[in-house]
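Asks: Construct the entire structure; sequences and hints are all you get.
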Amino acid sequence: MTKLGKITKSLTVALAALASVVAAPTAVAQDRCPAVVVLAARGSGQNGGYEWQPTRYGASHWVSNGREGSTIRTFLNYAENVHQRDTGTSLFTNVQVVGIDERAYPANFPEQDFRQPTNVSEALGEFTDRVMPRAKAFLNSITVGRVGAEATVRAHDAATGCNSKYLLVGFSQGATVITDLEKKLAGEGRLAGALYMGSPYTSAADPHRVGSGLSGDGVLAKTPGNGSRIRSNDRRIEYCVQGDVWCDFNAVKVAKGEVENPWGHNQYFIGNTPFPGDRDFVAREFAGLIHSAG
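Going letter by letter, the sequence shown gives residues -29 to -1, 1 to 265 in mature numbering (1 follows the signal peptide of the UniProt record, and there is no 0).
Treat the hints as calculated values from the structure; they're not laboratory data. Watch out, some of these pointers could steer you wrong.
Keeping only pairs whose Cα atoms sit at most 20 Å apart, straight-line, the calculated EDC-like set for lysine to aspartate or glutamate is [claimed, not checked]:
1) K107 x E159
2) K136 x E121
3) K107 x D128
4) K224 x D205
5) K136 x D205
6) K193 x E159
7) K154 x D128
8) K224 x E256
9) K136 x E22
10) K193 x D151
11) K154 x D205
12) K136 x D2
13) K155 x E231
14) K136 x E159
What follows is a list of derived Cβ distance ranges for each label pair [said to hold, decoys possible]:
15) S186 x A129: 39 to 47 Å
16) N243 x D2: 40 to 48 Å
17) A30 x R125: 24 to 32 Å
18) R56 x N237: 20 to 28 Å
These numbers were taken from a predicted model, which means no experiment stands behind them. All C-beta atoms in this analysis are idealised placements derived from N, C-alpha and C, irrespective of residue type, glycine included.
Replies: Written out as structure tokens, the structure is:
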């Protein structure tokens, strides 16, 4: 067996084991079932500490497991505030938030300092010794997460005895993890909708895209099959902040150092924005998905 074959076989075995562990019911049936479960996939590196804070959103009957991470947590609180301001009622009364946990999705993006190479030989060494292992850890995290996302749904259904609809929310790497699950749940008639923030799959041609001042595509927008994914579901919101190179990549602007807001990826519902209307629009569209499903 080739080295690649051994790696593939090992990864397959590991993923099968993961699915069986995550899918094992760990709780008794709930007395109350939510109309909608927000299944949240956090961004790269949003692990531990401040990132993991179990939260009760609005008047929800449930407390989250905290694995939604800080960006999605900030958004959910923002959406609740907008809904309270608009209607005087809580958005989350019959909504449960479940973050895909670290067993099912590691959200890895290893940090490492890279020295500036001075010649071709050093550059090749840097790429082989540091860049490639980091990229592999990132791709493995996505691969594991895609299996773990579906396993989390099946585990939640089995453990609670509920048959709720799912509203998928993914930020950054988390957005890549739940794309396959979106199609599966839609096919089962159990998809309330999907919200992606900072997704590398975002395309400028996508009618579901939201964001002012954008000038590029997501870095994975040209991935085979992405065009059909864009057309597969109308219950989707693709939110991109101007200058977020993961979802608003413009090679010319990057090369010239003319990106308007190079910190865009860290500004989803955080701090000031020149486009506050975008945030409110996304919050209201998200609320609409909940109401139409419930």
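Asks: Please verify whether K136 and E121 have alpha carbons no more than 20 Å apart.
Replies: Holds, at roughly 13 Å.
Asks: Please check whether A30 and R125 have a Cβ separation lying inside 24 to 32 Å.
Replies: holds (28 Å)
Asks: Honestly, do S186 and A129 meet the 39 to 47 Å range at C-beta?
Replies: holds (46 Å)
Asks: Is the hinted pair K155 and E231 satisfied, with a Cα-Cα distance of at most 20 Å?
Replies: Roughly 37 Å separates the two Cα atoms, so the pair is violated.
Asks: Taking 20 Å as the top limit, are the C-alpha atoms of K224 and D205 close enough?
Replies: violated (31 Å)
Asks: Look at the Cβ atoms of R56 and N237 and judge whether their distance stays inside 20 to 28 Å.
Replies: Holds, since R56 and N237 (Cβ atoms, about 25 Å apart) stay within the stated range.
Asks: Can you confirm whether the C-alpha distance between K136 and D205 stays at or below 20 Å?
Replies: Cα-Cα ~16 Å, so holds.
Asks: If you draw a straight line from the CA of K193 to the CA of E159, is it 20 Å or shorter?
Replies: Given pair K193, E159 is violated - Cα atoms ~27 Å apart, limit 20 Å.
Asks: Between N243 and D2, does the beta-carbon spacing fit 40 to 48 Å?
Replies: Roughly 43 Å apart at Cβ, these two residues keep to the hinted range, so it holds.
Asks: Does E256 sit within 20 Å of K224, going by the straight-line distance between their CA atoms?
Replies: This hinted pair is violated, its Cα atoms lying about 31 Å apart.
Asks: Has the given pair, K107 with D128, been kept, meaning a C-alpha gap of at most 20 Å?
Replies: violated (32 Å)
Asks: Starting from K107, check that the Cα of E159 is at most 20 Å away, please.
Replies: Answer violated: K107 to E159 is near 33 Å, above 20 Å.
In this structure, the hints that do not hold are numbers 1, 3, 4, 6, 8, 9, 13, in rising order.
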